[in-house]
Amino acid sequence: MAEKVKFNIAKETAWCPGCGNYGILRALARALENLGLRPQEVLFVSGIGQAGKTPHYISGNVLNTLHGRTLPTATGAKIANNELTVIAIGGDGDGYAEGGNHFIHAVRKNVDLTYIVHDNRVFGLTKGQASPSSDLGMITGTTPHGVYNEPFNPLAVAISLNGAFVARAFAGDQEHLQLILQEAITHPGFALIDVLQPCVTFNRVNTYQWYKSRIYDINQDPEYDPSNQKMAWERSWEWGERIPIGVFYRVKRPTLLEHIPALRSGPLVKQPMNSNIDEVLAQFK
Amino acid sequence: MQAFNILIGGEAGQGLVSIGNILIKAIAKTGWHLFAIQDYESRIRGGHNFIRIRVANKPVFCGERAIDLLVALDDVSLSVHADELKEQAIVIYDPTLVEVPAAANYIGIKYAEVAANLGQPAIMANAAAAGAAWALLSDDLIAVETVLSEVFKNKGQDIVDGNIQCARAGFNIVRSRFNPQVQLEKPEQCESFMVIKGNEALPCGALAAGLKFMSAYPMTPSTGVTEFIALHSEQCGVVMEQAEDEIAAVNMVIGAAFCGVRAMTATSGGGFALMTEALGLAGSAEIPIVVIDAQRPGPSTGLPTRTEQGDLLFAVYGGSGDFPRAVLAPGDVEEAFYVMGTAFNLAEKYQMPVIVLSDQYLADSYQTVASLDPTKIKINRGDIVTETESTVDYLRYRFTESGISPRLYPGVGEGLVVSAGDEHDEAGHLIEDAHIRTKMMQKRMQKLNAAAAEALEPVIYGNTKPELMLIGWGSTKGVIREAVDLLSAQGCAAMAIHLPQVYPLSTKLREYWEMPSKKVIIENNYSGQLQKLLSMELSVTPDFWIRKYDGRPFFAQEIVDQLVGGEANGRKGEI
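Residue numbers (my numbering), protein chains in the order written: chain A, 1 to 285; chain B, 1 to 575.
The shape of chain A in the complex, shown without the other chains (with noise of 0.2 Å):
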């Protein structure tokens, strides 16, 4: 393997001290060393929300769109130049909200990039609203008698559409994060991290120490099998005093620019912009 270069991350962020995005951040960063990426690889691509903040802290390149564009965005890149690493990244209010039918069909196209959703439970960056993923009951600014709208759960979504990689991980391991990282960049297809991330500001439920007391990974358990879809949807229904971690389904099919006939002869961007027009102007005649 090549020298590992530096995925430098920056010093200073508009984050909240403690916040969960910076175990993210950082695993990030070593899981695309690992990998013996470049910067000038790698894109990132993001929407809006503290999240969406993310790729300005990390060196690559960097398309920072509108809130809950990531998805479409991020698949014009990578069809544009599939040589690109082309990693999205977002919150579950951008991503399941604002994005969510983004979502779903990104998970349907199956192209090839890695989502990684920093999954907080909460609109972190317009100051603790209720998001989609938030528990039920949870009192916010805009839910003042509670949450009473059934959570979104992404993974059951992901793993519903046959989606090639659905993965949850916790901000506050980062070395089981940097690992499920590798793998879903590396995994052909459309591949969702949800990552449980404290926010240690505006969600006084789902705390660091409310996650370390009941996550487990999945993985260890040598009955559970991440091939078999049926077993990976009833697992994502788990939560509560357990909560599971890992690979909770991976398959292989087809990916989105494999379907496509003109990638065939390499990416698009570097392809000659001559087009056979005097063929096709001939139906004309």
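It is worth saying that the hints were derived from the structure and are not from the lab.
Every value quoted in this text rests on a predicted model; they were computed, and no experiment measured them.
Backbone N, C-alpha and C fix where the C-beta goes; we use that ideal spot for every residue, glycine too.
One or more hints might be untrue.
[Stated by the list, open to error] A few chain A positions that, by computed beta-carbon distances, are all more than 10 Å from chain B: (1) 22; (2) 59; (3) 200; (4) 205; (5) 223; (6) 231; (7) 261; (8) 279; (9) 280.
[Claimed, not checked] No farther apart than 25 Å at their CA atoms in a straight line, the calculated lysine to any residue pairs in the SDA-like style are these: (10) A/285 x B/142; (11) B/376 x B/490; (12) B/29 x B/116; (13) B/376 x A/4; (14) A/4 x B/390.
Position chain B relative to chain A; hints supplied.
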């Protein structure tokens, strides 16, 4: 006879599109000029649809209401268009479908029976109908036979022969039962023309301009563009990815354009509304994208299959905050083809979104043209950092005199490309600083100055010392031109001004406006959006205006009637 107007009417699903297409192609092959309007309802079966084909031995630029030949596939076609029939008009109808009074100029043909008698399937009734109509245009069937051979060649020789037999039978019935008085004069030159509609010319232009990526969500009347690119994607090395919604479509386009390929989307008003947030992203992050908006009458779902020019101000000003953009408005199929080159060049040169305003009338109307020359579309990708230059300290938004910062594609060279829709510094990272914010706004908006200096000039036609100036934009180009001809024939010194670019406006427009003549603005919308735009951008007001917003295109005669019948200037001329 120099011109001949055909109307084919019937229910959706009765085959009128097939009949129309055969005739349209055969007319162009013969070397006649044509303009054909498609009028259809938002349904797959039933209703009343029609195609109006104007054939002439000189160039024609719009349709005409008066009918010489009506091909009626149902009763409604007769009742709806009764007042459009010329005195000597001929009606070809199918007695099994239509009841008509016996009259010398009514020819009944049982198309299905014609096909059945020849042992051919009922679907070939369409060829019989086309052959019958053709008998009134020409005394030989060669062009129709050629078209049928081309259209059906992939289905085998039996199908080709069957269709030709049916066409010949239809042709012979008309010629034996009725000695056609009507025969259009042979074309001035017998070279065959290209025949193409807006929804084909636009994507062809995009391909000639180096399009590599398209994403869209189907929406009438833009869907033809999307399907055309999808159909030719493999042949042309282009990607067309259908999106889950218009928001995804335009954001995919932004992602692809950021990575260095020419990318576009196509939609109609409602879809364009969903895209406006992303237009702002393209403006702020300085990413070159092209958006085709094939307008249909709004608001909301409006009239999905009809035409209007109601999105002009929305295209020019829609979005949060100020950002640079250009808005183009091709007026015919030729402009539609070439304007796509301009659109991509402007987008990449000034690193901004460019909107191309089409509409259902342009999208679905067929026109003959001598040729479309892709070599006339010159690709200018703007200021690009090449692989050989040092890019280690690359700043995506470096301040420059022109406001244009050279682009680098991510993954090319050593430089890192950082782009953001949030306000950012030269490096592309997020800032809150008031001074940098001010400079960044000025940098972006300043690009419009140079873009305005190279804006497409108004296209003028008619008397260069006019007493009356007819001003329009987009798809009204042809009909206003013909209105000028009609006015000139009545002794009025009239000039047409067509604006192929509505934003930023060419400085040339003010020069024309300063000519001493009465000005009339003609628009297919309710509120006079060009009029408002000119009032805002140039502080000028026309003498009067003509507007139509019933979902249908103008006819030249309608415009003339409004002008000639109008008693006072300043009168609001609604048709």
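Verification of the supplied hints:
Distance check on residue 22 of chain A: its Cβ is at least 18 Å (rounded) from any Cβ of chain B, clearing the 10 Å threshold; non-interface status holds. A Cβ of chain B approaches the Cβ of residue 59 of chain A within 10 Å, the least distance being about 7 Å, so the stated non-interface status is violated. With a cut of 10 Å on Cβ distances, residue 200 of chain A stays outside the contact zone with chain B, its closest approach being about 22 Å. With 10 Å as the threshold on Cβ separation, the claim that residue 205 of chain A sits away from chain B holds: the shortest Cβ distance comes to roughly 30 Å.
Listed as a non-interface residue, residue 223 of chain A keeps its Cβ farther than 10 Å from every Cβ of chain B; the least gap is roughly 37 Å. Here residue 231 of chain A stays apart from chain B, with its beta-carbon at least about 29 Å from theirs, past the 10 Å limit. Not every CB of chain B lies more than 10 Å from the CB of residue 261 of chain A, the least distance being 4 Å, so the non-interface label is violated. The Cβ of residue 279 of chain A sits about 7 Å from the closest Cβ of chain B, inside the 10 Å cut-off, so the non-interface label is violated.
For residue 280 of chain A, the requirement that its beta carbon stay farther than 10 Å from each beta carbon of chain B is not met, with the minimum near 5 Å. Only pairs whose Cα atoms come within 25 Å are accepted, and residue 285 of chain A paired with residue 142 of chain B is accepted, the gap being roughly 16 Å. Between the alpha carbons of residue 376 of chain B and residue 490 of chain B the distance comes to roughly 38 Å, so the proposed pair goes past 25 Å and is violated. Proximity of residue 29 of chain B to residue 116 of chain B is assessed by CA-CA distance (about 29 Å); at most 25 Å being required, the pair is judged violated.
Our distance criterion of 25 Å between C-alpha atoms is broken by residue 376 of chain B and residue 4 of chain A, whose separation comes to about 49 Å. Proximity of residue 4 of chain A to residue 390 of chain B is assessed by CA-CA distance (about 23 Å); at most 25 Å being required, the pair is judged to hold.
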